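J.: The chain contents come next:
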Amino acid sequence: MRTPIAYFLVTSGLLFAIGTVGVLIRKNALLIFMSIELQLNAVNLSLIAFSRMHGSLNGQVLAFFSMVVAAAEVVVGLAIIVSVYRRTGSVSVDDVRELRG
Amino acid sequence: MPLDNVVFWVFAPIAVASAIAMLVQRNAVHAALLLIVNFFCIAVFYLLLGAPFLFAVQVIVYAGAIMVLFLFVIMLLGVDRGDTLRERLVGQRPAAIGLGLALALEVFFAVRAGVGFAAKAPVGFEKVNAGGNAQALARVLFRDYFFPFEATSVLLIVAAIAAMVLAQRKARAITQAGAEAAGRGEVA
Amino acid sequence: MTPSAFHLVWLVPALPLAGAAVNLFAGKKLGKLAGWLASALLAAALAISVAILSGMLGLAAGDRLFVQHLFDWISAGSFQVGADLRIDPLSVTMILVVTGVGTLIHVYAIGYMEHDPRFGRFFAYLNLFAFFMLMLVLAQNYLLLYLGWEGVGLCSYLLIGFWFERKSAADAAKKAFITTRIGDTAMMVGLALIVVKFGTLDFSRVLVSRGGSPGYYPQIGPVVSHGAVTAIALLLFAGAVGKSAQVPLHVWLPDAMEGPTPVSALIHAATMVTAGVYLVVRSHVLFEASGTALTVVLVIGLITAIYAATAALAQDDIKRVLAYSTTSQLGYMFVAAGMRAYAAAMFMLVAHAFYKALLFLSAGSVIHGAHEEQDMKQMGGLRSPMPLTATVMTIGAVSLAGIFPLAGFFAKDTILEIASTSGRTSVYLLGTFGALLSAVYIGRLVFLTFFGEARSEKAERANESPAVMTAPLVVLAIGAVAGGVLATGIEGRLPGFLEPVVGVFREGGAGLAKGALIAIALGVSVLGLAVTWFLYGSGKVDWLALRVRLSPLHRFLERAWYVDDAYGAWLGTPGKAAAAFAAYVLDARVIDGFVNGVGIATNALAAAGRRIQTGFVRNYALAFLVGAVGILLYVGLKI
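Protein chains in written order, with my numbering: chain A, 247 to 347; chain B, 33 to 220; chain C, 3 to 641.
Only chain A is shown next, with the shape it has when bound in the complex:
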């Protein structure tokens, strides 16, 4: 493989930053959630890239676990969004701000 590992890492970082910005600027809880998924995937990418770089499968195993946990997280997170929507009639995180000073 001729592509330097660093390229993948930079791509991963870029995707992570985009996901971060998405979390910060979107108000729709679903889109925020999608941005989080993007961040997770960016991290998985760097894990696998490092796995390749170090010639070890441990990185891949960790990415695998990360996916499993992400799946669980998505299930619970979406359920929370649904119940928040039922409570407030909105999926905007700006509308859910009872807990404030």
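Bear in mind the hints are in silico, worked out from the structure with no lab data behind them. Every value quoted in this text rests on a predicted model; they were computed, and no experiment measured them. Some hints here could point you the wrong way.
As the list claims (entries may be wrong) - What the simulated footprint calls covered on chain A by chain C, stretch by stretch (three residues with Cβ under 8 Å from a Cβ of chain C suffice, anywhere in the stretch; the number is not a length):
#	stretch
1	266 to 275
2	336 to 342
Said to hold, decoys possible - The following residues of chain C were derived to be distant from chain B, with all beta-carbon distances above 12 Å:
#	residue
3	G153
4	P250
5	A571
6	A579
Stated by the list, open to error - Some chain C residues near chain A, calculated using beta-carbon distances under 7 Å:
#	residue
7	Q615
8	F618
9	V619
10	R620
11	N621
12	A623
13	L624
14	A625
Where a beta carbon is used, it is the ideal one built from N, C-alpha and C, also for glycine.
With chain A fixed as given, assemble chains B and C onto it according to the hints.
T.: Here is chains B and C on its own, set in the frame of chain A:
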């Protein structure tokens, strides 16, 4: 230019572009579809990096199951509820974009300092993946990571039950009380 | 061979304590029985005391010391304090006075307090007082003595303020407590000094005579500097000044008359106020080692004796006359102690306990019979409705005035005689002048109360008190008459009995001859009584008009030389101002201001801080990101 380089340079722009497009997309369904595109691109990178098993998992679990779940919830809550792109929080958007750029730059310099752009991946990854990636991964997983693997199964069951409990339509009285409590909180 | 009665000594304080406990918890249910129970228990203590005395009289003079160790009270390293009771001639004398006079007063109180709704509690307090007083005199170390000392102060407070519904009573109780506390605090410092200098509070190691009297005080002990001994003696004496109402801490005693009359008789005449005298006599080796302290005792006693006697001249309240009289008489006891005539002081103490208790109880009987009238201006002519009271009170008065052969004569005459023969002419002259004043004020009291015409409607309707009250009076009157047999002169029985403790008093040869002294003393007493008879009893002088003519002098004496007013103006007012400053400025502004300031600052900080908590999740997430970027930057720059 070697093939893998070509593949990378084809898919990397698509990945970044689809991510940015998702970021500015008003319609949630479109955003979800763009995210699926992004996930496919990442899956291709996995293939390049010698992880065909995770490539399959990425396509099936992420691009398939998880994003379908997203779409399902979007439909459940109504597709027409697009985000208004107007920002109520003063300075939130420029700060977010600025800090996001800073983060990306930091990662860039960190990679440059730590890995270096000239460094190629070492050869001989075929030896690691001997007997097929899936088999090799299985060996590591069931030998070195057996207990965490079993623990994740518990996690999944708990998550499934939790989702059912959370999404369950609650008894009317409880909802009422909750609404009142929320109302009081609003007043206070 | 120790007499078996000695081993029962713990019962002497324990019995009244048990009575106090029973009456405190079950006094209401017992009703009338509460008084009889209290009296019976104290009478039992008296019986044990008598048994101890008779056991002691069977021993040789050098063996009359017995210490009963009850338990270890404090055990801290080398510092040990035991709950030890000491029996020697001095403590036996005291417990006999306390239990004897105490029992009579208890019985009397059954009649006096008959209609009081808190009958049971009254006897609980009285018994508690008896317990503490007995602990005080039986203690073998200063700490146990101090326990009793503070305990009697507490009971005094409770009993003066027994009718706390009256503001004057509650105020008087506070005044007594606070005033004596000044002395008590000094005394506590004295005890601390004893601990520092001697390493112990035990009499057997603190009270060590140097040469002087052989007695029960060992000759050897820790060497303590003269200055330290003087300081200790003076601090102890400060406690005695407070407790025995000596100048300048005497102001509480006249006000203490707000308490029920049996209390005045028991606590403020016969027993508690004499604790100061007991303390000086008990600790006389310290005072003698100092010398200076003895002079202070003498001077304070002399000033008090004269001063209080003049104040007694002008009081209209029958009990206040007796209160000032008590202060004056206690002064005489200190004069005796200051002249190293401890036996004379103790004899005066015993005699005084009898005739002053008699006078107080008679006064109580008069008040009781005259429908709660205490003002002598409103009395007069009570001789005919209350013949028995009139008789016994006259006996007490004559005894106090110092007419031969009553107890008071011997007591006072002995002291004056010692003053003369030891060459202290000024003390003798002033003491004799005080004796004249005593005769005048007590004669005035008797003539105003019992002779002449009834001057008010209450006095006309007066009637004799019940037998339960008069019987103790008769017994006390016998004591006041016959008390002289205890000590006729310096070689008398009581001094002989006390000799092992206080040593032999060596009479000087100066001054007038004995016969002349007795004649002068008697002449002075008779003169005083004659003057009062002429003024108040003969009917030839309009004493009310005379009073108006001498108005400034009368006011001066009635207000007791304005000492109280001066204390109020110079100490009370600034004290209150200081307290008000502390309470309303220092506490309210500074301390509360600080506390509230902390609270306000916290509130302001929180009000500023709460603005960070916008409720917008994305704001929080932004803060995350700032942190993340910042940390990365920091790490990156560091590497």
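J.: A separate judgement is required for each hint: does it hold in the structure or not?
T.: Evaluated hints:
1. Judged by the Cβ-Cβ criterion of 8 Å, the stretch 266 to 275 of chain A is covered by chain C as claimed, because 5 of its residues qualify and three suffice.
2. A count of 3 residues in the stretch 336 to 342 of chain A with a Cβ less than 8 Å from any Cβ of chain C is obtained; the coverage claim is therefore met, three being the minimum.
3. Interface exclusion of C:G153 from chain B stands, the closest Cβ pair being 59 Å apart, more than 12 Å.
4. No Cβ of chain B comes within 12 Å of the Cβ of C:P250; the nearest lies about 65 Å off, and the non-interface call holds.
5. Non-interface status of C:A571 relative to chain B is upheld: no Cβ of that chain comes within 12 Å, the nearest being about 59 Å off.
6. The non-interface label for C:A579 is consistent with chain B: the shortest C-beta to C-beta separation is roughly 48 Å, beyond 12 Å.
7. Using the Cβ-Cβ criterion of 7 Å, the hint placing C:Q615 at the interface with chain A is satisfied: the shortest such distance is roughly 3 Å.
8. The restraint placing C:F618 at the interface with chain A holds, with a minimum CB-CB distance near 6 Å, inside the 7 Å limit.
9. A cut of 7 Å between beta carbons decides the hint on C:V619: the least distance to chain A is about 5 Å, and the hint holds.
10. With 7 Å as the threshold, the beta carbon of C:R620 comes within range of chain A, its nearest partner Cβ sitting at about 6 Å, so the hint holds.
11. The restraint placing C:N621 at the interface with chain A is violated, with a minimum CB-CB distance near 9 Å, outside the 7 Å limit.
12. Checking C:A623 against chain A: minimum C-beta separation of about 6 Å stays under 7 Å; hint holds.
13. Taking 7 Å as the C-beta cut-off, the interface hint given for C:L624 holds, the closest approach to chain A being about 6 Å.
14. Because the smallest distance between the Cβ of C:A625 and any Cβ of chain A comes to about 10 Å, over 7 Å, the interface hint for this residue is violated.
Hint check: violations occur at hints 11 and 14; the rest are consistent with the structure.
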